[in-house]
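Enquirer: Residue numbers (the numbering used here), protein chains in the order written: chain A, 1 to 218; chain B, 1 to 218; chain C, 1 to 218; chain D, 1 to 218.
If you're looking for bench data, these hints aren't it; they were derived computationally from the structure.
Even for Gly, the Cβ is constructed at its ideal location relative to N, Cα and C.
Be aware that one or more of the hints could be misleading.
To be verified - Ranges of calculated distance between the beta carbons of each label pair, as one might list FRET restraints: (1) D:217 with A:33: 23 to 33 Å; (2) A:21 with C:120: 46 to 56 Å; (3) D:75 with C:137: 17 to 27 Å; (4) A:144 with B:150: 53 to 63 Å; (5) D:217 with B:193: 22 to 32 Å; (6) B:178 with D:214: 28 to 38 Å; (7) D:204 with C:137: 39 to 49 Å.
To be verified - Which chain B residues face chain D? A few, computed with CB under 10 Å, are given here: (8) 3; (9) 16; (10) 28; (11) 55; (12) 141; (13) 184; (14) 186; (15) 211; (16) 213; (17) 216.
This is what each chain is made of:
Number of protein chains: 4
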Amino acid sequence: MNIPARLVEGYRGFRHTRFRRERDHYLRLAQSGQRPTTLMIACVDSRVAPEVVFDADPGEMLVVRNVANLVPPYQPDAGYHGTSAAIEFAVRQLKVAHIVVCGHASCGGINAFRHNTLNGVDAAHGDFVTRWVDMVAPATKLALTCEGVDPLQDQTAMELAAIRQSIMNLRSFPWLKAAEDAGELSLHGLWFDVADGSLRVLDEAAGAFDTLDDAPLG
Amino acid sequence: MNIPARLVEGYRGFRHTRFRRERDHYLRLAQSGQRPTTLMIACVDSRVAPEVVFDADPGEMLVVRNVANLVPPYQPDAGYHGTSAAIEFAVRQLKVAHIVVCGHASCGGINAFRHNTLNGVDAAHGDFVTRWVDMVAPATKLALTCEGVDPLQDQTAMELAAIRQSIMNLRSFPWLKAAEDAGELSLHGLWFDVADGSLRVLDEAAGAFDTLDDAPLG
Amino acid sequence: MNIPARLVEGYRGFRHTRFRRERDHYLRLAQSGQRPTTLMIACVDSRVAPEVVFDADPGEMLVVRNVANLVPPYQPDAGYHGTSAAIEFAVRQLKVAHIVVCGHASCGGINAFRHNTLNGVDAAHGDFVTRWVDMVAPATKLALTCEGVDPLQDQTAMELAAIRQSIMNLRSFPWLKAAEDAGELSLHGLWFDVADGSLRVLDEAAGAFDTLDDAPLG
Amino acid sequence: MNIPARLVEGYRGFRHTRFRRERDHYLRLAQSGQRPTTLMIACVDSRVAPEVVFDADPGEMLVVRNVANLVPPYQPDAGYHGTSAAIEFAVRQLKVAHIVVCGHASCGGINAFRHNTLNGVDAAHGDFVTRWVDMVAPATKLALTCEGVDPLQDQTAMELAAIRQSIMNLRSFPWLKAAEDAGELSLHGLWFDVADGSLRVLDEAAGAFDTLDDAPLG
């Protein structure tokens, strides 16, 4: 079966525009290896590509993407833990200086969690998605405390609370917590609004997400 | 702790160039929801951003990224399975028409597997990475058969074999296999060479990866 | 009076995306001077920016733009000849290897010429535009010969004929003709269709414009 | 003679990336005609493409380019006046709201004028360039007054003074002056530094060029 024509076309477009222009940079990165300074934990959503939204250069950020940009709690057992493996690779081997949990509006995974909870769907329903998004259950309390609203009724509040919880879960990884305590690593929460392109930034000290100040679009 | 200046700068660049230009498209995607036709399974590597390499528009492809672009075998238990959840979301809910496993040259995860195997490092070493990349162990036989070389001595052969194995693992998901058998879904393997920007495409019938024919760069 | 907000915004977008990415290249070009290999003679039209349509890098092509991408005949007198000065600068000083006359569909200047001719508007009407576009009057015969249609009834035929005539006028510059005869310079004619993005290329030997063969858009 | 391979490659890159993404916009512009709000008067220099530096969309600005971005004085005679024709087209037919004279650092045309003047080269030397750039001779006094330096010794001062003079020359076009007086048109001067990407803006009231305030690059 042939690969989709759009992929071939898109690849050729990339190769003859951006790759051509940056090929020396790609070659250097291939020869010297990557040294990203940021680990971005983002959603699989097709509308929120981190390298696009942050106009990142090749080599700038390691990007792990899963449904709803979640960080599971530290659980070093015999199972396959893809997100945790990426975090270990970023922190212990590449020694990134920043980890960013980047959520977004209209998240299908967060919406599924709200739907399941409101309708009493069991976490064992289906094979993987229901169980995976059930991971954010503890965040409902965070939303009540921080956003002051019932996150089951408010999609945005649940999305923001899930970001907070993922940051808490990051701190359950002992070597990550140690790096943060040593001042070698900082953790950040962002939320991107697909509809208007605005970005909210978590201010942990103030306990709030603030919209990034920016010039209006023309 | 403030978010990195480069992220703010990059975001502002995006917002005032590409987002401004495509904001109607973003707004429509926010209002009507995403309908990607492709699930891309890619690596966390900072040099291989799928939306860049395939010049994808917002909304075109769902992207799951983990260390070494691996697909675990079907294992529907009580654990958190991030990659499998993304696959379930893509196939059962979004009903994508294509799944692409996209590997690349100089993959740190594949290199770690080769190093560990050659040096007898136990899969339980460390917390997550060693165990995660050990998932490709069965692919060593595939490489011997298909590429005809010892993949422990040949990084590219191991990378290509891992793509083959991930496609085999995809077919262990019963509803995915059913969709493929029904002609509703097709599976593809790609491998991107960071150094020269070339792309190899898996031809399953011929049992080989072929470099995509393309005009030379000027 | 302040400069338009869109210019400031656009400039900031450029500076923080493309300029940032290519600033080493810009710096080198500033230090070593430009060495473009092509002179592009294009229209002032807001829909046909040569650097966009040909995805040109900074430093690649010298670009002169006037109404209807016209080349006046060689006329070295005491008047100010902007287009001829650009041609002299390109050929005698920068020694470009190519000159491209790039026309396009829906050209307002060509349309004005056709309107004026059909309605008997005198070339002295208005201050400059009528006189300027009247320069293409000899091309009406070229269109009858080469395109086989009455160019006053056919906008595209007139646009193509005007490109042919500009190339003839280029050859009236003695040092340019000498460079072409010496094999150091080649002349080309292109026509861009704004509506569908196709490009026609003048084949002088065959006496025809051919659409550039290209893969269809996805 | 075939067109340069880089042009074909660049065109294909454009067509399969930006044109594909914006083709609805191009089609609308082809059907409804252009309505640019700005006339940009820029240099032929290969390093200073206005649509790139101001990240302009198709349809946004009419662009006339000549050696050293000069505006000749109003001279409605039987000669061919390309720049003046573009100005007439922009002001009287398209009724643009802004005219921007955009100069830049390391301008070859301004440098030629300084060289010629310092070395007593006659304006009749060569065919067109010497005469064309001699147009800025009156600006040497402007530079002494406004920049306070001898512009024959200072390339930047001469470049800035030439922009001032072009704006004065614009006001010699009676219908342009009338539009400005009626508040329907505003005139602007900009100067782009190729080496560091900074932009200076003419403040006519204050009699000075100010660097546009901007965030530093990361």
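Enquirer: If a hint holds in the structure, say so; if it doesn't, say that too.
Expert: Status of each hint after checking the structure:
no.: 1; hint: D:217 with A:33: 23 to 33 Å; verdict: 25 Å, holds
no.: 2; hint: A:21 with C:120: 46 to 56 Å; verdict: 51 Å, holds
no.: 3; hint: D:75 with C:137: 17 to 27 Å; verdict: 22 Å, holds
no.: 4; hint: A:144 with B:150: 53 to 63 Å; verdict: 57 Å, holds
no.: 5; hint: D:217 with B:193: 22 to 32 Å; verdict: 30 Å, holds
no.: 6; hint: B:178 with D:214: 28 to 38 Å; verdict: 56 Å, violated
no.: 7; hint: D:204 with C:137: 39 to 49 Å; verdict: 41 Å, holds
no.: 8; hint: 3; verdict: 12 Å, violated
no.: 9; hint: 16; verdict: 8 Å, holds
no.: 10; hint: 28; verdict: 12 Å, violated
no.: 11; hint: 55; verdict: 5 Å, holds
no.: 12; hint: 141; verdict: 40 Å, violated
no.: 13; hint: 184; verdict: 27 Å, violated
no.: 14; hint: 186; verdict: 23 Å, violated
no.: 15; hint: 211; verdict: 19 Å, violated
no.: 16; hint: 213; verdict: 14 Å, violated
no.: 17; hint: 216; verdict: 9 Å, holds
Violated hints, in rising order: 6, 8, 10, 12, 13, 14, 15 and 16; the structure is consistent with all others.
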